[in-house]
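Chains as they are written, first to last, in our numbering: chain A, 1 to 336; chain B, 1001 to 1416; chain C, 2001 to 2133.
Careful, some of the hints might be misleading.
Quick list of in silico lysine-lysine cross-link-like pairs, DSS-like style, CA-CA up to 27 Å [said to hold, decoys possible]:
#1 K1299(B) <-> K2109(C)
#2 K2070(C) <-> K1308(B)
#3 K2015(C) <-> K1299(B)
#4 K2015(C) <-> K1189(B)
#5 K2109(C) <-> K1308(B)
#6 K2016(C) <-> K1306(B)
#7 K2070(C) <-> K1299(B)
#8 K2070(C) <-> K1306(B)
#9 K1040(B) <-> K1396(B)
#10 K1181(B) <-> K2016(C)
#11 K1335(B) <-> K2070(C)
By construction, these hints were calculated from the structure, which means they are not laboratory data.
Computed from a predicted model, the values in this text were never measured in an experiment.
The lines below spell out each chain.
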Amino acid sequence: MNATSLLLTVAGTLGMAVFGLFAGLWFTGLDRVLAARMQARIGPPVRQPFIDLAKLLVKQNVVPANAIPWLFNGAPLLALASAITILLYIPMAALPGLPVLDLHGDLVLIMYLLLVPGLAMVAGGLSSGSPYATIGAQREMVTMIAYELPLASTVIAFAWKLAQTDVDHPFSLATLAATPLWTLVGPIGFMGLLLLLATMILVVPGELGRIPFDAPEAETEIAGGLLVEYSGRNFALFSLSLAVKTIVVTSLIVALFFPWNLTDFVAISCCPYLATAANAAFFLFKLFVVLFFSVTLVRISVARFRITQVVDVYWKVLGALSLIGLALVMVDAQIR
Amino acid sequence: MKTIEVKKPSGYATQIGPAHPALKEPVMFSLDIEGERIRKADFVPGMAHRGVEWMGMRRNCIQTMYLAERICGICGITHSISFSRAVEQIAQIQVPNRAHYIRSIVGELERIHSHLLWAGVAAHELGFDSAFYLAWRVRENVMDLLEYLTGNRVHYAIIQIGGVRRDIVPDQFPRIEESMKFFEGAYAKLAAVFLDDTTVQMRCRDCGVLTTDEARELCPVGPTARASGIKKDVRVDHPYAAYGDVEIEYQTPDLLTGEVRGDVYDRIVTRLLEVKQSIGIVRQLLAMLPDGPLLAIPKPAVLLAKLKGVAGEAVGRHEAPRGEVMHYVRLEAGKDEPAAWKVKASSYSNYMAWIPMMEGEQIADIPIIAASIDPCISCTDRVALVRPDVRQIVTKEELHRLSVEKTRRIQAGLAK
Amino acid sequence: MSFPMVPELLGSLFKKPNTNPFPAAQLPPTVTGLLEKVGKGEASLNPPVPVPEKLRGKMTYNRETCIGCKLCLKVCPAHAIDFIEGTKKIRIFVSQCIQCGQCTEICPKQCLALSGEFLNASHDRYADELVVD
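Just chain A, with the same shape it has in the complex (with noise of 0.2 Å):
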């Protein structure tokens, strides 16, 4: 690796986590303005987020005197820094230079990284000292495991299909980005890649702990549970986690399910910069749509699972929903 390129890597990552954190930030509040509406009520500005970080960060950081400040601290700055880097292996719209460490990872590396972040609220949260806190961390761990299941199905559902059609690394993003899988199947192959999406717009929810997988947090129950003891800059690194999180996880969706750029559908032909420009637009409003479905829409009708339920609910109803998905997807391999 030579000079320029180790430069632009850095670059790179520095501009993608700045990317991250704002528009993680802008989304939040866009959903927040979104779930009010539908509520019939005024909401915050859509900049609110932002306003809530800033007065985060001047508010004191408060360390409980049972709790073992070292990982107390460093939790929230692993989780951010986790959440930032898995946003360097996704393809986002067809840009110069994205992702930033293209050749480095493939999709079973971002199913581990996305656990990291969840791993380091575990950690905070057990380590904080407050029995809130560790039910809420015993339950976000059994959280991570439900999820998984679906999750993994559909992952797999895709690797396989690739190594059908022998591309040359088929569990690669790149390469997922290049072939949407819509156009590779049969009738039955696409109902089974629709009951693959319909898993992972409910997983969205769980991966970012919100209702109604939300029972490691659980206001009324627990009290803001693994959260319950951070507060000023720790809490605030959290909610930035969370934010890009969300970012991550939907554009996630958006490169499995709808990897099209705008400019395969019209041609942009006159400006290279309009182009790319009209399609890094196009992507944000995938990554909207992804999100509406995905998070404000389900967060705000229905109610909240007990935590026996959201295991039931992620093994054996999406379990077998992505299972079966995976299943059509096979079969209609085999049948063409």
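Let chain A serve as the given structure and place chains B and C on it in line with the hints.
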């Protein structure tokens, strides 16, 4: 050789409250938990004792009326009806018929308001905030109606000893009917959201069960009792105000679902049915509203003079949205203020039902179970043991001994 | 599986919110500045929510007709009325008044009444506008 004793995992103890987002008022649950499951539950009330009775016994009856109204922020008219019924019995004041009707109308509107408020709180405890906003949006209409009729949204100040202070005139009927139509539409919407929603069913069905037998032992009141299949309602059992004139039935969940399970879901069903019932009662009462005066003794000064001259004791009861409320009042001749005033709020009877409801359920169910009896904690708290360093349990015998001593002290004071 | 809330939610996305707005959507840098702008017609305030005509609001007191009989003091549940010995008149503390209107009924000269004014918040509970005399 040393033997190593292998202990069974013993679970852990935790507590919820007195200050906790799930609880709108201070009460403490101490729980013995294994994993997420509650093995044993107990609660500690007595953290919001306000000394209302003490204050009431230092004010004359008219002043105490308004104090009684402020025992509860939600069922304001409940306590003022109960108190005034007690005083009216002592002074043998005959309340005019029209006043009886107006009391019942406002009482039923308050029931609609209270049950809608409860529905919102319950939805919030379940994490279902959209239903909370929906229920409270509907409630806003009944608050506006009450403001239109009585001049205030919360403390209506419409009850006076011997009648009511404000009339409902025919000009106001269309506005009331408009609201009743709105509630009918809203009832359909709320019933769909609360009863048909899959996630609400998952959370509330067979959760926090109070069986009919347990209910019979613990004697809860109001919707808590009726949801367990106990047919008990002061409005039907001992009709007062205008309730004797209207058709009124016990609202048990089997009217809608065909069975009584006594779980949280049944308590939602019962309250929703009561909203519908109240709409019907208001309509019946408006249609039959008799003519006549509003007050037995229109001049407050005359009323005060009369109350100063009477002596005796009486109990006033009212079916509050949460169940039966009881006020015991004793008046003495020559004294403006009540010699004794004892309030039994409905939640007092419902508290004990928490324990069988909670045991065996999960931590996640505590908020909704606690909310399901619609507790009104500061209305209920009557005693506070102020001895912070000693955790003391007062046994029944001890309490009895203390009461006898107190009564003797009072009687000795009276004899002087 | 049934989620009856979803159509309701999607429907309200395109309706006007139910919230009663504040006079100004955001806290302005200076209130007097905003009011000046409103006076010039550059900005507008959201109108207040209409109140029913029989609302029980701030007390009004007719000092001239008052005979100092002290009956209102006898029934006021909140002890919000003070009797001034020197002038034989009363003073009502709005911050303590519960607006039940019992005094208006017992007053033999009808010099007390409830108005529809309900914006009675202040930083100082003994501010001039919160003491009626």
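Problem set entry | Numbers of the earlier hints that this structure fails to satisfy, in rising order | 3 and 6
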